[in-house]
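Peer 1: The lines below spell out each chain.
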Amino acid sequence: MLVFFTGYNTLCAQDLDSLMDENSPSKEYVKNAFKSTRVINGHSMEFLRSGTMDFRILHRFGLMNQGAKNFFGLDQASMRMGFDFGITNNLMLGVGRSTYKKELDGFIKYAPLRQSTGPKSFPLTITFVGGATINTLPWDDPTRENFFSSRVAYYGQVIIGRKFSPAFTLQLSPTIVHNNLVPFIDQPNDVYSLGLGGRYKFSKRMALMVDYFFIANGLQKDINFNPLSVGIDIETGGHVFQLHFSNTTGMNERAFITETTNRWGKGEIRFGFNLSRVFQIAHKKNK
Amino acid sequence: MKHNKFVYSLLLFSVLIHESCYYDKAELLYPNAAYCDTLAPSSYSQKVVPILGNNCYSCHSGSAPAGNVAMGTYAKDKVIGLNGRLYGSISHAAGYSPMPKSGTKLSDCEISTVKRWIDASCPNN
Chain G
9 MLVFFTGYNT
19 LCAQDLDSLM
29 DENSPSKEYV
39 KNAFKSTRVI
49 NGHSMEFLRS
59 GTMDFRILHR
69 FGLMNQGAKN
79 FFGLDQASMR
89 MGFDFGITNN
99 LMLGVGRSTY
109 KKELDGFIKY
119 APLRQSTGPK
129 SFPLTITFVG
139 GATINTLPWD
149 DPTRENFFSS
159 RVAYYGQVII
169 GRKFSPAFTL
179 QLSPTIVHNN
189 LVPFIDQPND
199 VYSLGLGGRY
209 KFSKRMALMV
219 DYFFIANGLQ
229 KDINFNPLSV
239 GIDIETGGHV
249 FQLHFSNTTG
259 MNERAFITET
269 TNRWGKGEIR
279 FGFNLSRVFQ
289 IAHKKNK
Chain D
3 MKHNKFVYSL
13 LLFSVLIHES
23 CYYDKAELLY
33 PNAAYCDTLA
43 PSSYSQKVVP
53 ILGNNCYSCH
63 SGSAPAGNVA
73 MGTYAKDKVI
83 GLNGRLYGSI
93 SHAAGYSPMP
103 KSGTKLSDCE
113 ISTVKRWIDA
123 SCPNN
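Protein chains in written order, with the working numbering: chain G, 9 to 295; chain D, 3 to 127.
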């Protein structure tokens, strides 16, 4: 009996194996490492689906330690409005405008390599981001010769990320921000930083998010500080709500990396609220 | 094919950016401007007064200065410089009323200029 059953099981296993060969697993790209294309401030390794548009409204309020007289900062709101477009599943671009310094921004984001499972799997997603910002405030001194290039800054970033489990994703983003104009002779125009972004999903619809950039060089350490934002993502159908606390005012790379002058250690944090809604604008076959 | 198009666009984009990439320093572009100079101590009369004059004196001078904080002369500016209220307010530090009142914080350059004057014990120079 035992022999029969063992033999029978072996035969069955062999049959299953041959079945498996016929329907061998195909390569599948890992999805939903992050629920949104931004961790909090910085870009995430996630992309929009082809043919979709993400309408994003970001708010950052005043310092909470001002107390009740400014309603813990809520009386002073700074906002960024943006439109992101998914061109293909690994190529997207976006435009936006922040009320802080009335700054326009645009970016293009491409992932030549994506984390995948199955045959020829790859353990990481590697994404390139390139962007620019344009300050549209009136000139400080209109009587002198001002240059349009002085309004412009650029940034470049490589995001290396991995979804370790359905609940946990981590990414690193070495970043360079270039300001065409800086005030001091001895101040570098290029600021190098390393971003660290993480997500821990603790329920079906909610995740803890951390977004930190370590400024390696280019800024005065007693005036500018490393931006750190911590928050919660709440996903409801097509919307993603992000509630967070941050020491940054700016919501584009040039602003939050090179202009953070507040410190968590001194209680100089701001409440912020991001809302993202994805619309299908072109009906293409998703591959 | 799609990848090739993208690579060419990226190369074109990089060239365009390179052509528009500048390494300008305001101190060199505008040497005659009353601008920040990190290489020299902050002169009260030449560097600090223009900053305070443009941003503070309109409210904080005269017989009834705003918030009872008097400015506008060296003696008065020195008092709030040395007691920490000036830097506390312009740097928007916790516990201080953020200034200028309009809500637009002074530039890092301006704050740095005033701080260097304060750190040098507010000389009358």
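If you are wondering where the hints come from, they were derived from the structure by calculation, not from laboratory data.
Possibly wrong hints are sitting among the right ones.
Unchecked claim - Heads up, simulated DSSO-like pairs for lysine-lysine below, C-alpha to C-alpha not over 30 Å straight-line:
#1 D:K78 to G:K110
#2 G:K229 to G:K43
#3 G:K77 to D:K27
#4 G:K43 to D:K27
#5 D:K103 to G:K274
#6 G:K209 to D:K103
#7 G:K109 to G:K77
#8 G:K274 to D:K107
#9 D:K107 to G:K229
As the list claims (entries may be wrong) - Computed beta-carbon distance windows for the label pairs:
#10 G:Y200 to D:L30: 46 to 56 Å
#11 G:L180 to D:S45: 38 to 48 Å
#12 G:T151 to D:C23: 23 to 33 Å
#13 G:S157 to D:Y76: 36 to 46 Å
Backbone N, C-alpha and C fix where the C-beta goes; we use that ideal spot for every residue, glycine too.
Peer 1: If you test the structure against every hint from before, which numbers come out violated?
Peer 2: 1, 2, 3, 4, 6, 10
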